[in-house]
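Enquirer: So you can see what is in the structure, the chains are spelled out below.
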Amino acid sequence: MLGLVSFILSFSLIIFLANTTTANDRKYNLGQIATSEEVAGWDIDVRPDGLGAPIGSGTAFSGEEIYAEVCAACHGDFGEGADRWPPLVGGEGSLASHDPEKTATSYWPYASTIFDYIYRAMPYGEAQSLSYDETYEIVAYLLYMGDIIEEDFVLSDKNIGEIEMPNRDGFLLPDPRPDIRNTHGNPCMSNCQVSTKIIGKARDIDVTPEDE
Amino acid sequence: MKKNKKNDLSNFKKLNRRDLLIGASSIGAFSLAPKNLLSEEVNPENLPPNLPEWTQYLGDGVDVNPYGMPSEFEGHVIRRNVEWLTASAESSVNFTPLQDLEGIVTPNGLCFERHHGGVSVINPQDFRLMINGLVDREMIFTLDDLKRFPQTNKFYFLECAANGGMEWRGSQLNGCQYTFGMVHNVQYTGVKLSDLLLETGLKEKAKWVLAEGSDSSGMTRSIPIEKILDDCIIAWAMNGEALRPEQGYPARLVVPGWEGNMWVKWIRRLEFGDKPYMTREETSKYTDLLTSGKARMFTWVMDAKSVITSPSPEKPILAKGLHQLRGLAWSGRGKIKRVDVSIDGGKNWKTAQLHSPVLSKSLTRFTFPFEWNGEELLLQSRAIDETNYVQPTIGELQKIRGVNSIYHNNSIATWLVSKNGKVDNVRLG
Numbered sequence: 047m048l049g050l051v052s053f054i055l056s057f058s059l060i061i062f063l064a065n066t067t068t069a070n071d072r073k074y075n076l077g078q079i080a081t082s083e084e085v086a087g088w089d090i091d092v093r094p095d096g097l098g099a100p101i102g103s104g105t106a107f108s109g110e111e112i113y114a115e116v117c118a119a120c121h122g123d124f125g126e127g128a129d130r131w132p133p134l135v136g137g138e139g140s141l142a143s144h145d146p147e148k149t150a151t152s153y154w155p156y157a158s159t160i161f162d163y164i165y166r167a168m169p170y171g172e173a174q175s176l177s178y179d180e181t182y183e184i185v186a187y188l189l190y191m192g193d194i195i196e197e198d199f200v201l202s203d204k205n206i207g208e209i210e211m212p213n214r215d216g217f218l219l220p221d222p223r224p225d226i227r228n229t230h231g232n233p234c235m236s237n238c239q240v241s242t243k244i245i246g247k248a249r250d251i252d253v254t255p256e257d258e
Numbered sequence: 320m321k322k323n324k325k326n327d328l329s330n331f332k333k334l335n336r337r338d339l340l341i342g343a344s345s346i347g348a349f350s351l352a353p354k355n356l357l358s359e360e361v362n363p364e365n366l367p368p369n370l371p372e373w374t375q376y377l378g379d380g381v382d383v384n385p386y387g388m389p390s391e392f393e394g395h396v397i398r399r400n401v402e403w404l405t406a407s408a409e410s411s412v413n414f415t416p417l418q419d420l421e422g423i424v425t426p427n428g429l430c431f432e433r434h435h436g437g438v439s440v441i442n443p444q445d446f447r448l449m450i451n452g453l454v455d456r457e458m459i460f461t462l463d464d465l466k467r468f469p470q471t472n473k474f475y476f477l478e479c480a481a482n483g484g485m486e487w488r489g490s491q492l493n494g495c496q497y498t499f500g501m502v503h504n505v506q507y508t509g510v511k512l513s514d515l516l517l518e519t520g521l522k523e524k525a526k527w528v529l530a531e532g533s534d535s536s537g538m539t540r541s542i543p544i545e546k547i548l549d550d551c552i553i554a555w556a557m558n559g560e561a562l563r564p565e566q567g568y569p570a571r572l573v574v575p576g577w578e579g580n581m582w583v584k585w586i587r588r589l590e591f592g593d594k595p596y597m598t599r600e601e602t603s604k605y606t607d608l609l610t611s612g613k614a615r616m617f618t619w620v621m622d623a624k625s626v627i628t629s630p631s632p633e634k635p636i637l638a639k640g641l642h643q644l645r646g647l648a649w650s651g652r653g654k655i656k657r658v659d660v661s662i663d664g665g666k667n668w669k670t671a672q673l674h675s676p677v678l679s680k681s682l683t684r685f686t687f688p689f690e691w692n693g694e695e696l697l698l699q700s701r702a703i704d705e706t707n708y709v710q711p712t713i714g715e716l717q718k719i720r721g722v723n724s725i726y727h728n729n730s731i732a733t734w735l736v737s738k739n740g741k742v743d744n745v746r747l748g
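Quick mapping for you: the protein sequence lines, in order, are chains R and H.
Going by the numbering used here, the first sequence runs without a break in its numbering and finishes at 258.
Going by the numbering used here, the second sequence runs without a break in its numbering and finishes at 748.
Bound conformation, chain R alone:
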């Protein structure tokens, strides 16, 4: 009888091991399988092609009010920025100038990024408090201020991957570095032809913090 119990226990153990190893093919058997509900709660990113965009929609017309309520205090009534908080629109045509203005509408290559960032991180200090519709409305309002869509354009999960941003083709890939003169590890060691004239001193700029 004991032998039979022992046999059954051993058999159960073999089945148990078989279930956890071969069925999963996991090397360490650590961690838990995530449920679809758990993943859905945290998987909030939106990709340029619109993958991940949550169901919802909004227009610039409807977005003006929510923008004024939760964005304007830091970013200005027209996205022009306030104090040291960044402007959100403007700067078109400035990227090749001495003082480029890199805003969401002049520089950012994808509308999806604006949605993704606002939903996950804004308003500053109240992350993920906006509804999906509110987020679409705010993005639509910014795109409207940047002359990228019309005021009554209905921005949604269906078309956010198709918005053509002005600086879409403004980025270079792949990384070309190392991009400096290659001296094969043997740079000049003596009597090198370099200018040693001092043309600027940080002390004269006088913006360095000092200990109290």
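Rather than coming from a laboratory, the hints here were simulated on the basis of the structure.
Values in this document were obtained by computation on a predicted structure and should not be read as measured data.
Accuracy of the hints is not assured; some may be wrong.
[What the hints assert, rightly or not] DSSO-like, lysine-lysine: derived pairs with alpha carbons at most 30 Å apart:
(1) H:K634 / H:K526
(2) H:K656 / H:K666
(3) H:K546 / H:K654
(4) H:K666 / R:K243
(5) H:K594 / R:K204
(6) R:K243 / H:K639
(7) R:K247 / H:K738
(8) R:K73 / H:K639
(9) H:K639 / H:K546
(10) R:K73 / H:K526
(11) H:K634 / R:K243
(12) R:K73 / H:K522
(13) R:K247 / H:K634
Starting from the known structure of chain R, arrange chain H on it as the hints suggest.
Expert: Showing chain H alone in chain R's frame:
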């Protein structure tokens, strides 16, 4: 009191050094004010042939400081920030005091901070790492789960891509700390992602990872899968103890040799996909604008760089004679092979001594002895890594990239030593 040298506990309180100091009304001289007390006057009473108080009386017992802190005379060795740089301290940066550090290990409390939504406070019991997307099994790991995997212990530098970003147009900040201090170097303990991913499996189409933080900025970066499987780590410890809250407690991503922004702190999720996610950080930030108006994207590697930490604007030369020039060098492409030093603004160079250990993608310490006799010097250092990459001048970088790229300024800096021993950050041209 002088004769009371019994080492029994009944006398301990009486002989506590702090009590003695209060009794002598001299506590003001030992305040924690962040000043370099080396520059304060010495007390001749403590010098030979006299007997200093600390030689005669008992000091603090054990457990006065259950977690030890630096000497009160080191109060000037702190992280510092530049307030005008940012709109809010919760989305800001401060700088490692490289000029006061020795060797290659950055003490945990001095590692520079860069936050985008403040420091998250996370009970490790509530920590979860989710792995989803193009994997065979979408999974969730606790911190205890992670610690049961095979572990790795590695030294790596972490440098913000914007380190030196204020110096593109000219010398702006007069300090080693402010111009080079967005770098730190610690030993990480964690699990290699190549091990962790054996649990989830990977779909063939998985080419990119979205790493996501659980802080209030929801920090996100896309990382190619080759890098993830090569040497990336989920780390829970630095320099032998748990990560500091400001460095991502209880767990962060380690992306050796690549820009610090990718080392997502307070990590909560890794999503696998077939394309990059083009997050805010890798499009609107951390792209390098050229004079053409086009910007380089996905410039991840931190190229070779070096800095003379002393003498430096914070470390003037105080006496004529022999000095040890000290500095740090590092490269995101591997080991440092050589560091050259110039005292005449780059006309003539001599090779400095590298100190072991010389590790891949880690800070490397160098020194160079020199005599100073009160003359003006133009100090420079130049790193060469094992790929034979030579640290460039700012002129070489500007010629190719202009002055608006903000990130990846790995150029040679110049410290002017004046005849009075003061040191200035200057630009040559």
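Enquirer: Hint by hint, say whether it matches the structure.
Expert: The hints, checked one at a time:
For the given pair, H:K634 sits about 47 Å from H:K526 by alpha-carbon distance, which is inconsistent with the 30 Å threshold. The hinted pair formed by H:K656 and H:K666 meets the criterion: a straight-line CA distance of about 21 Å does not exceed 30 Å. Proposed proximity of H:K546 and H:K654 is supported: the alpha carbons are some 18 Å apart, at most 30 Å. Proximity of H:K666 to R:K243 is assessed by CA-CA distance (about 12 Å); at most 30 Å being required, the pair is judged to hold.
Our distance criterion of 30 Å between C-alpha atoms is met by H:K594 and R:K204, whose separation comes to about 19 Å. A hinted pair counts as satisfied when its Cα atoms are at most 30 Å apart, and R:K243 with H:K639 qualifies at roughly 25 Å. For the given pair, R:K247 sits about 16 Å from H:K738 by alpha-carbon distance, which is consistent with the 30 Å threshold. Between R:K73 and H:K639, the direct Cα distance comes to roughly 64 Å. Violation of the 30 Å bound is thereby established for this hinted pair.
Straight-line distance between C-alpha atoms of H:K639 and H:K546 comes to about 49 Å, which puts the hinted pair past the 30 Å bound. Straight-line distance between C-alpha atoms of R:K73 and H:K526 comes to about 22 Å, which keeps the hinted pair within the 30 Å bound. Simply put, H:K634 and R:K243 have alpha-carbon atoms about 23 Å apart, close enough for the 30 Å limit, and the pair holds. For the suggested pair R:K73 and H:K522, the alpha carbons sit about 16 Å apart, so the restraint of at most 30 Å is met.
Between R:K247 and H:K634 the CA atoms are separated by roughly 17 Å; this keeps the pair inside 30 Å, and the hint holds.
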